[in-house]
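Chains as they are written, first to last, in the numbering used here: chain A, 1 to 325; chain B, 1 to 325; chain C, 1 to 353; chain D, 1 to 353.
Honestly, the hints are just simulated from the structure, not real lab data. One or more hints might be untrue.
Claimed, not checked - Looking from chain A toward chain B, a few residues come up when the C-beta cut is under 7 Å (computed):
| hint | residue |
| --- | --- |
| 1 | Ala-152 |
| 2 | Glu-153 |
| 3 | Ala-159 |
| 4 | Val-160 |
| 5 | Thr-188 |
Said to hold, decoys possible - If you anchor each label on the Cβ, the simulated ranges turn out as follows:
| hint | chain 1 | residue 1 | chain 2 | residue 2 | range |
| --- | --- | --- | --- | --- | --- |
| 6 | D | Pro-200 | B | Gly-187 | 54 to 64 Å |
| 7 | B | Ala-321 | D | Gly-57 | 23 to 33 Å |
| 8 | A | Gly-187 | D | Gly-47 | 34 to 44 Å |
| 9 | D | Pro-58 | A | Gly-187 | 13 to 23 Å |
C-beta atoms are modelled at their ideal positions from N, C-alpha and C, and glycine is treated no differently.
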Amino acid sequence: MTSDRTRLIREMVRIRVVEEVLADHYRDEQEMRTAIHFSIGQEATAVGVLAATSAQDWVYAAHRTHAPYLAKGGDLTALVAELYGREAGCSHGRGGSIHLIDQSVGFAGSGAILGEMISVAVGSGWAFALRGEARVALTFFGDGATEEGVFAESLNFAAVHRVPVVFVCENNLYSISSPLATRQPAGTSVRGRAEAAGVPAVAVDGNDVFAVHAAAQDAVRRCREGGGPALLELSTYRWREHVGPGWDHHHGYRSAQEIDEWVERCPIRRAVASVRAEEPGIDELVRQWEGESRDEISAAVAHARALPFPVVADLLDGAYAEVAR
Amino acid sequence: MTSDRTRLIREMVRIRVVEEVLADHYRDEQEMRTAIHFSIGQEATAVGVLAATSAQDWVYAAHRTHAPYLAKGGDLTALVAELYGREAGCSHGRGGSIHLIDQSVGFAGSGAILGEMISVAVGSGWAFALRGEARVALTFFGDGATEEGVFAESLNFAAVHRVPVVFVCENNLYSISSPLATRQPAGTSVRGRAEAAGVPAVAVDGNDVFAVHAAAQDAVRRCREGGGPALLELSTYRWREHVGPGWDHHHGYRSAQEIDEWVERCPIRRAVASVRAEEPGIDELVRQWEGESRDEISAAVAHARALPFPVVADLLDGAYAEVAR
Amino acid sequence: MTGEREQDVRALTYWQAISEATVQCMAADERVLVVGEGVDDFRGTYGTTKEAFQRFGPRRVVDVPNSENATAGIAVGAAVAGLRPVVVHTRADFLFLAMDALVNLAAKWRYMYGGDKGGAPVVTRGVVGRGWGQGATHSQSPHATFGHYAGLHVATPATPADAKGLLVAALTGDTPVVLIENRSLYSLEGEVPEAMTPVPFGVGRVARPGTDVTVVAASLMVHEALRAADQLATHGVSVEVVDVRSIRPLDDAIICESVARTGRLVVADTSWARYGFSAEVAAVVAENVPQALRAPVRRVTPPDCPSPVSWPLEEAFNAGATQIVRACLEVCEVSGPALPALEAVTAGFQGPY
Amino acid sequence: MTGEREQDVRALTYWQAISEATVQCMAADERVLVVGEGVDDFRGTYGTTKEAFQRFGPRRVVDVPNSENATAGIAVGAAVAGLRPVVVHTRADFLFLAMDALVNLAAKWRYMYGGDKGGAPVVTRGVVGRGWGQGATHSQSPHATFGHYAGLHVATPATPADAKGLLVAALTGDTPVVLIENRSLYSLEGEVPEAMTPVPFGVGRVARPGTDVTVVAASLMVHEALRAADQLATHGVSVEVVDVRSIRPLDDAIICESVARTGRLVVADTSWARYGFSAEVAAVVAENVPQALRAPVRRVTPPDCPSPVSWPLEEAFNAGATQIVRACLEVCEVSGPALPALEAVTAGFQGPY
Ligand SMILES: Cc1ncc(C[n+]2csc(CCOP(=O)(O)OP(=O)(O)O)c2C)c(N)n1
Ligand SMILES: Cc1ncc(C[n+]2csc(CCOP(=O)(O)OP(=O)(O)O)c2C)c(N)n1
Ligand SMILES: [Mg+2]
Ligand SMILES: [Mg+2]
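The shape of chain A in the complex, shown without the other chains (with noise of 0.2 Å):
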């Protein structure tokens, strides 16, 4: 029990100390020539959901991918090499930051459209049902990909076929700089829209990664045992810039009040906190997770940036299966 919360703990100092250090890099250097959005701020939700899967369960992402890349496994040198635009990159260079995929661990994909890796995720999850398999199938979007129809076409489609798959709705109250008042009715829901479409719903605070590891367990769970799909609304908060490694304090669409509320909010302390009984030494081990951590992404970083770039003279492989790589 304890070296679980240890590592759900551990893997969420793990992301948070890989995207300081790439934040940093990414506005030293000016080399990695994709666009970033990082989860600083929003570990909780990818820890706490994807620790409740297997590699055989598949998880997509959307726009905001390490988080949930790092949290199902996926490799760190392959990840930081296709930032870095390498041809040993996960997508060889060819996605960056918003198409990451690591088979191996079920890290099925993610990509730049709202909504649509919604639609996406049931699709593989209905495959896995089809075939009988008990696997599951998760999707991580915001609260603004909620507003996109093909959301709403994806709840009905699950919840008419049973489909096992988790939303998982990391509600951060902002879509770009557009608070969710302006986007969506006072009063209501996205755990409640998923609820009128027929998939059980849970609101969970997205802070808090027991509470959140918890409510994946049942929700897995119920859908590998084929009890259809569900939902987890999870509010969180992110720390940086929408896209970019910079703070927005100054940008006026909110106030650093809010923000630094929410730094004082961070999951990684309150889980610390919430262990410290039970686990006195909890502030050393974290300590020293840091260390690694950093150890670990600097190298990756260093590894990343003396690889070689992907070929022009292979261009044009991969847009057709008959084009070999």
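We have chain A; now place chains B, C and D with the ligands onto it with these hints.
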């Protein structure tokens, strides 16, 4: 009051007779070269709802157009001429049964792509509100159209912007030959999805013209007073085949018994029965209205068939504003 | 189908050929499933999915909600997970609602993830409504719209044999495919091999050899071109008709070889001229064999307006054999005697549908 | 802008020109409103909607939910009811989700209802992302996809003056318009008239006169062509550059007149060759002045694959001046000394965006 109720009955009788006569001509002549979706059996929805509107209010229909067009006051001779593809048709023969329009009475248009007109109606209602006009937009669509993503997107926008639009769902249990159960999850309803999206909704017996009318009056009044959108889910039933003039007991997707039960619940017969006490002469009146309507539609058909077709030289006219008509 | 032994071939209608290909592919590969609105109903998508439903039932011939965008994305996800869905649309016009999933997901899947993770081989069938006042939004042929995007294969079968063979190729290949079928061809009969033999994408065929002018056509227009050729033959004009079969990949070679021989090109399409199939064919010739052109290229397509309903307008809108004859005479500079207008291939078709 | 008096013209960037057109049209016509995701935010759609929001506020510069399909349909309904919405998309790729509303509703509205009931004059702006690893689904230029459909006007402004003038024309005309803007042009400066003067659709311009070869280009490629022309001039090749400005309607005459003079055609586009802008331009020449062609037509476009992210691949994918130079030398049969590769117009641009 009485006169109100009889007016509604008279309007239903007229639409019923018009469509039955058109169906016979359609079948026997094969001269109306346009796909027609008859509303026979569903007259109470259009009549009950649109009697609550004024000519300044706009209604958009989907593909089942004749009843809303006539109930809104659309010109009968222009409708029939359109069905026969004549230049004098309401759309000069360019649109056919699915693309009707009569701006003088607020029938703003109808269209063949499922769900799309729902968003158009929201846009027109939004324009009314932005200009501060006390006008209402309405949109008729079936249960099947609610599965289109644009329905959810439109509900959300209308709720966020408090658009004066009344969503009118004619739930006739089928999408062509697909029953509701294969398309929408058990335990859900169009009304429930609307409420979850922030749009107040009521479910009404769509074959009870008086109940429909009362609900529509409430919805239209609230819209006019700035109370925002509303949805009416009206349960009804299509008697004839999905498209075309025939009956389809024999096709097996629905039972003859089911059809017969719904024919028993004929909206006209029910309305007549409910007013008989207060209006003893109603049956005589109905027979009289049937005769008048039969004469009216027969004259319109004879007139339309004598009218000229569009001139081929005008083929391009109207594709662009620059090409005047 | 040259190479087939006679007893392997029999006459089938276009819709029967599609049905046979579907059933044979489903029998041969349990991963194949049919997905679409009403594919399971008594009409079975104009007959094309009826036998498949009777034989394989609702688990493999799946009626779906009216949600074209999600259905296309779901098919992508199912294909990525190893199934082989065929998504069927009773009107190709509905494909605009599925366009994002087809162009941004299916077409790019393999490439975006590096080329070695597999693709999203979804097969999409869109039926073009034509005639009987289908109207502006129920009669479009969007093949060129999809043909513009790398990653897809797009075909426009004109014959029962190709309707079967190209569907077989789609369901046995690894590339996402859009098949645009014309409803007016459904009752046409032609010889179709019994075997589940694919017709490769990107290989056109000379539907009729000729020497004076090349008519390159797709789908229904191949038949209009053949009938135009018959009539022109009686006036001493020898027409070569090229059926491209698939527009992506496009068989540039067969087009250029023919025009190099005839020196004249007419392109016939069921969709508009601008940025359409007829533009690409003309461009291929202008790129490769411009010097061969002894006359200006002519395009026979609908005029630049939406499709009207009223039948005299609709007849005028849908260009056919008569317009092809006129174009051929013009490029051959034969001022032949005013020829009688030809009745459309689709004449006698009983609506409504 | 010939005809303008000097003091009426000053230098503005492309984004400033769009902003000015928007503000002037909103000031002149209270029916005009701006609609789009984040149009009201601190970035103001790369600056183009910022001043409009500051001046006219949230009632006329409206942030909307992430619902491209409904937003397009809502804009149609608002336009039919008398408003003049401009719908803004930060990536043109998102237009696939709005395609049904644009092609099946906006484009056909006027015609479908008989031509005399008014139309749906919605204006849609789509910004093409290019460079800095935008990737396969954030870098497409779908102008030809919309250009295929009758009822729309589609323009690809290449200069600040045209970015302003074509938007003014769109907002003062009665036709639904799709404007495809290239993000890489946003910081380019050019002379722009102060007046709210429309630039008519369907009228191209000779961006540079020449005698040996005609390069017909759209949007960003006009500048690549101009830079190619500079370099070719130093090698004795005189290039005429035609900027079509709008692709629907397309100024066939200016293309044909130029090719009739030069005898050689290169077409340059930011989108793919097949069924694209470059195909239509080649077809127009093959239809009208084929005999003028003294060399095969050449198309300079991205290769037939999705856009990759890794920068060496992305650089190779985005054809530019260097490829235009090569194509011109080829059609002019000048085996000029190996010329130094040209740095892209977009070089020095600092991402990410
Ligand atoms: C179809 C589509 N529309 C718009 C965009 C532009 N866009 C990219 S991310 C984003 C915000 C999405 O917000 P949300 O779904 O809440 O995810 P978050 O960024 O907050 O994690 C938007 C609007 C897009 N990528 N795709
Ligand atoms: C986008 C789209 N998908 C599919 C169709 C084909 N179609 C025409 S009517 C119809 C049934 C719609 O059912 P419903 O909305 O309940 O209306 P009803 O016909 O029952 O009145 C369908 C699927 C269409 N016209 N548009
Ligand atoms: Mg968000
Ligand atoms: Mg229905």
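>> Checking hints one by one. Is Glu-153 of chain A an interface residue toward chain B, by the C-beta closer than 7 Å rule?
In response: holds, 5 Å
>> Within 54 to 64 Å: is that where the Cβ-Cβ distance between Pro-200 of chain D and Gly-187 of chain B falls?
In response: Roughly 58 Å apart at Cβ, these two residues keep to the hinted range, so it holds.
> Honestly, do Ala-321 of chain B and Gly-57 of chain D meet the 23 to 33 Å range at C-beta?
Replying inline: Check passed, 30 Å falls within 23 to 33 Å.
> Between Pro-58 of chain D and Gly-187 of chain A, is the Cβ distance one that fits in 13 to 23 Å?
Replying inline: Because 21 Å falls inside the window, the suggested range holds.
> Regarding the hint that Ala-152 of chain A lies at the interface with chain B, is the smallest CB-CB distance below 7 Å?
Replying inline: holds, 4 Å
> Can Thr-188 of chain A be said to touch chain B, with a Cβ gap under 7 Å?
Replying inline: With a minimum Cβ separation of about 5 Å from chain B (threshold 7 Å), the hint on Thr-188 of chain A holds.
> Is 34 to 44 Å right for how far apart the beta carbons of Gly-187 of chain A and Gly-47 of chain D are?
Replying inline: holds, 36 Å
>> Is the interface hint satisfied for Ala-159 of chain A? The criterion is a beta-carbon contact with chain B at less than 7 Å.
In response: holds, 4 Å
>> Quick check on the hint: Val-160 of chain A CB to chain B CB, less than 7 Å?
In response: Since chain B brings a Cβ to about 5 Å from Val-160 of chain A, closer than 7 Å, the hint holds.
Of the hints listed earlier, there is not a single one the structure fails to meet.
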